[in-house]
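Colleague: Guided by the hints, dock chain R onto chain V, whose structure is given.
Just so you know, the sequences run in chain order V and R.
According to the working numbering, the stretch in the first sequence is residues 48 to 250, in order.
According to the working numbering, the stretch in the second sequence is residues 123 to 415, in order.
Calculated from the structure, these hints are not laboratory results.
Derived coverage of chain R by chain V (criterion: at least 3 residues anywhere in the stretch with Cβ under 8 Å from a Cβ of chain V; other residues may be distant): (1) 182–189; (2) 291–302; (3) 347–355; (4) 359–371; (5) 394–403.
Each computed DSS-like pair below joins lysine-lysine, with the alpha-carbon atoms no more than 27 Å apart: (6) R:K176 <-> V:K112; (7) V:K112 <-> R:K271; (8) R:K271 <-> R:K152; (9) R:K152 <-> R:K183; (10) V:K112 <-> R:K145; (11) V:K113 <-> R:K183.
The structure presented is a predicted model; accordingly, all values stated were derived computationally and were not measured.
The beta carbon of each residue, even a glycine, is placed where N, CA and C say it ideally should be.
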Amino acid sequence: MAHYELTLPVTEEATRRLRINDTVTLQQRLFGIRDATQIALFDRDRATRFDLRGHAVIHTAPNVKKVPTSTEHPTGYAPICIGTTTSMRMERFTEPLLRQLGVRIIVGKGGLGAASLAAFRELGGVYLAIIGGTAALETTWIEAIEDVDLDDLNPESLWQFRIRDFGPLLVAMDSHGGSLYDAVDHAARNRRDAALAALNVRR
Amino acid sequence: MTLRIDPARVENAAKDLYIRALKMLPPDIKRGFDALVARETDKTAQSVLGVMVKNIAVAEKTDNLLCQDTGIPIYNVTIGRNVVVDGVALKAAIRRGCERATREHPLRSSIVHPLTRHNEHTSCGEGVPVIHIDFSDAFDGMRIEMIPKGSGSENNSWLRMAIPAEGVEAIKRFVIDCVLDAGGKTCPPTIVGVGVGGTADVCVHLAKRAATRPLGTHCADPEGAALETELSEAVNLLGVGPQGLGGDATAFAVHVELAATHITMNPVAVNMQCHSARRASALFTETGVAYGY
Numbered sequence: 048m049a050h051y052e053l054t055l056p057v058t059e060e061a062t063r064r065l066r067i068n069d070t071v072t073l074q075q076r077l078f079g080i081r082d083a084t085q086i087a088l089f090d091r092d093r094a095t096r097f098d099l100r101g102h103a104v105i106h107t108a109p110n111v112k113k114v115p116t117s118t119e120h121p122t123g124y125a126p127i128c129i130g131t132t133t134s135m136r137m138e139r140f141t142e143p144l145l146r147q148l149g150v151r152i153i154v155g156k157g158g159l160g161a162a163s164l165a166a167f168r169e170l171g172g173v174y175l176a177i178i179g180g181t182a183a184l185e186t187t188w189i190e191a192i193e194d195v196d197l198d199d200l201n202p203e204s205l206w207q208f209r210i211r212d213f214g215p216l217l218v219a220m221d222s223h224g225g226s227l228y229d230a231v232d233h234a235a236r237n238r239r240d241a242a243l244a245a246l247n248v249r250r
Numbered sequence: 123m124t125l126r127i128d129p130a131r132v133e134n135a136a137k138d139l140y141i142r143a144l145k146m147l148p149p150d151i152k153r154g155f156d157a158l159v160a161r162e163t164d165k166t167a168q169s170v171l172g173v174m175v176k177n178i179a180v181a182e183k184t185d186n187l188l189c190q191d192t193g194i195p196i197y198n199v200t201i202g203r204n205v206v207v208d209g210v211a212l213k214a215a216i217r218r219g220c221e222r223a224t225r226e227h228p229l230r231s232s233i234v235h236p237l238t239r240h241n242e243h244t245s246c247g248e249g250v251p252v253i254h255i256d257f258s259d260a261f262d263g264m265r266i267e268m269i270p271k272g273s274g275s276e277n278n279s280w281l282r283m284a285i286p287a288e289g290v291e292a293i294k295r296f297v298i299d300c301v302l303d304a305g306g307k308t309c310p311p312t313i314v315g316v317g318v319g320g321t322a323d324v325c326v327h328l329a330k331r332a333a334t335r336p337l338g339t340h341c342a343d344p345e346g347a348a349l350e351t352e353l354s355e356a357v358n359l360l361g362v363g364p365q366g367l368g369g370d371a372t373a374f375a376v377h378v379e380l381a382a383t384h385i386t387m388n389p390v391a392v393n394m395q396c397h398s399a400r401r402a403s404a405l406f407t408e409t410g411v412a413y414g415y
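The shape of chain R in the complex, shown without the other chains:
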């Protein structure tokens, strides 16, 4: 049976997803906090983590946003099997939903023209919301994942076009140096996303995908997964700590995503997801729209 996607439902979902993502922290992130709190040895860091955990409870109790940065809205659409959808209408509906969330909740629009700095107060603009569309044969229906990407972390993003002669060591060294350069500016503890391979733009996108992947997931590639484990441990030896005020909890984890690359290339990118690792998803099936993380 074929699911015809109704743009009106997409618009409502896009609106609901933005608000949900801003208010409800995913359970994998909460578990991440529990793990960090359990092993933190520094007193200031314990206090800082405690405030972060308290904030999650206050946000839930007061039905408020976890963080005031409404971020850059990103919608990742995955079209599964047996779906009929008008792609143009889909993108327009997502955009309208994003704007409605902003106008109706209301939310602070953090989106401006890059040259004039004019804010339309819609969270929309040229190329924003960012909408990615991909396809999957793993399920029936359509999934929309919404990530409001905070700019504190986003403003600390890096790309290095290393060369093959520098090897995997260049990747490891780059990740360590990016974490040191970020310091407290990315609101640690972070999920450190590392992109490896691809073209330059694919590499940076992979870093974003890695940073915004749920905690507890692993790179599908075994070499990538091994790198994740190694880097996760090493990064937390640096002592940058929560908010860059010192301590063990510099990162929840390091995630790696990779793509094949050119024989002369060895690109590596780093993008971090701050501790307000916000994410919401909607699954469209024949039974309706189901919300999750």
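Next up, chain V with everything else stripped away, as it sits in the complex:
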């Protein structure tokens, strides 16, 4: 178990160095992305002007407030509360995120599935686990909303955040087939019988 400070963008080599149970703190840049954003990018072939190669994306649709544009808020949006949503809904988009857009790190809540794990292995990616429901804390890790694309999908736009000391986050899925979610699910299902026995359920 090691801790890494990663400044985005990162290389494939740096990504493949990470193993489940390591922790990571991200620096500099993070892109916010969600269901509608990915439906637009991958199902409707919309393009983004952002270069996501080597970058980290986080599953989010932030609470923002419209403000006059300034150096502090160049997009005309000020962050109010930025948290992380359930990743599993967006399972099928992991592969194109990595293959088509070159994303290396997905930050999310609750984990991803087998197809994502395979994509991480083949293409070099990892999943970092946000503690869901801790948006007040997470918001303090985001310094500014630097840019926004596909904003007609607001709040599910493609957001560019400037981040500082984002984490520490647990590596929950790595590029070597490791998944904490699989391990926990497997162990929990093995305890099903014991739980049912405690309830006097015989069958």
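Modeller: Just chain R, lined up with the frame of chain V:
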């Protein structure tokens, strides 16, 4: 003396309640966290719980939302004795308050048309906010409880129309299996709400009521209360843990709500309240409006 409910006050309360609920975690939930932290044996789980507890403090210190999901707004109205209220105006006022909270704070509107996915940015839409109205002879005045129900948990809701021949065992097995299927997707530790009996829709509603009941309360029915105790212990033997990353703290508790059902039916529903178990209430009496949880 009769209390005439002023729709303008209801509108303000509906607005204030949404914002309060999103920012201030009820004390029973905080005590729930203390209990889970005290008995957690897994290191990762201890760390995860620690982040959740730290977030509560940061939310209070920065006057910010605990979780970014503003949820589906639910208002549960209980009309007590000696109240005169225009029901239509009441519902309209709640709806306006919900929209004002969204526009004025502002809050992310998480509400869209189910087919077009169009977001009006008001947290309102057809049938939303969800407004339930019931009556009570236990107090004078009117109470409004506001629950912003997070969708991570809501998206993992289940109904099973079991048959009487399967017995209570079917209910217990179903709860265990739902907790396993949910894994980390419902942001454990959760309050696992179990609905038993009723019609299909009543059963699911009972599960919601159970999930959103304060911690430390019990099913009024003694059989239901016994089931709560048994299931609360059993669920925490599974080791799903906080955020589905392993550990003891899978659930704060299992709550059960029940209703009579048909002789051929044995329905059971499960709905979970995530660890951001948000809830705020306003009590309207002659002395004014008092806020609480």
